[in-house]
Amino acid sequence: DRGKRQTVRLGGAPVRVGGGGGSPGGSQIALTAVSGGHFVTQGSINGRTVDFMVDTGATSIAMSADEAKRIGVKYENGQRVQASTANGVTTAYVVTLAKVRIQDVEVYNVGAVVIPSGMQHILLGNTFLSRFQMRRDNDQLTLTKRF
Numbered sequence: 001d002r003g004k005r006q007t008v009r010l011g012g013a014p015v016r017v018g019g020g021g022g023s024p025g026g027s028q029i030a031l032t033a034v035s036g037g038h039f040v041t042q043g044s045i046n047g048r049t050v051d052f053m054v055d056t057g058a059t060s061i062a063m064s065a066d067e068a069k070r071i072g073v074k075y076e077n078g079q080r081v082q083a084s085t086a087n088g089v090t091t092a093y094v095v096t097l098a099k100v101r102i103q104d105v106e107v108y109n110v111g112a113v114v115i116p117s118g119m120q121h122i123l124l125g126n127t128f129l130s131r132f133q134m135r136r137d138n139d140q141l142t143l144t145k146r147f
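Be aware that the sequence shown starts at 1, since it is given in our numbering, and climbs by one per residue.
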């Protein structure tokens, strides 16, 4: 184990995450599924706290415009694209996030899209996930950084 285990709550459902806000430089993220089988965790984008939900079907990290504004992501100057979402096709803005952190693992210069409509969580898509080897064992998901 790389650190202490602690239980946090997101929306009333317990989420166990390995490691506690240690210093950056780690290489492994351990997540436990919440009810419904989703993997959600708290992390940060550019130093601002956010809630993520792992989405292996998402091309990139995706967030709502409201969330982008809250955490200081200036998306208005990003490239405008058409994005397919669960609710259909919409205009989105492509941006690069300087730093994405989960537990003690940091990844730099990560592509993301900002979508006008609201989303409960920021989707943790493949622009982040592709930098890791993923291993799922029942309700456990381990992401190990590729070197």
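Hints were generated in silico from the structure; no laboratory data involved.
Think of the CB as a built atom: it goes at the ideal place given N, C-alpha and C, for glycine as much as any other residue.
There could be a bad hint or two in this list.
[Unchecked claim] Below, simulated SDA-like cross-link-like pairs (lysine to any residue); rule was C-alpha separation at most 25 angstroms, straight line:
#: 1; residue 1: Lys99; residue 2: Asn87
#: 2; residue 1: Lys99; residue 2: Thr144
#: 3; residue 1: Lys99; residue 2: Asn126
[What the hints assert, rightly or not] Here are the simulated distance ranges between beta carbons:
#: 4; residue 1: Ser117; residue 2: Ser27; range: 30 to 36 angstroms
#: 5; residue 1: Arg80; residue 2: Gly37; range: 16 to 22 angstroms
#: 6; residue 1: Gly72; residue 2: Arg131; range: 35 to 41 angstroms
Comparing the hints with the structure gives:
With a C-alpha separation of about 28 angstroms, the suggested pairing of Lys99 with Asn87 is violated against the 25 angstroms cut-off. Distance check on the hinted pair: Lys99 and Thr144 sit about 17 angstroms apart at the alpha-carbon level, within 25 angstroms; holds. The suggested pairing of Lys99 with Asn126 holds, with an alpha-carbon distance near 15 angstroms, which does not exceed 25 angstroms. Checked against the given bound of 30 to 36 angstroms, the beta carbons of Ser117 and Ser27, roughly 35 angstroms apart, stay inside it.
A hinted range of 16 to 22 angstroms is violated for the C-beta pair Arg80 and Gly37, which are about 34 angstroms apart. Checked against the hint of 35 to 41 angstroms, the pair Gly72 and Arg131 fails, with Cβ atoms roughly 23 angstroms apart.
Checked against the numbered hints listed earlier, the structure breaks hints 1, 5 and 6; every other hint is satisfied.
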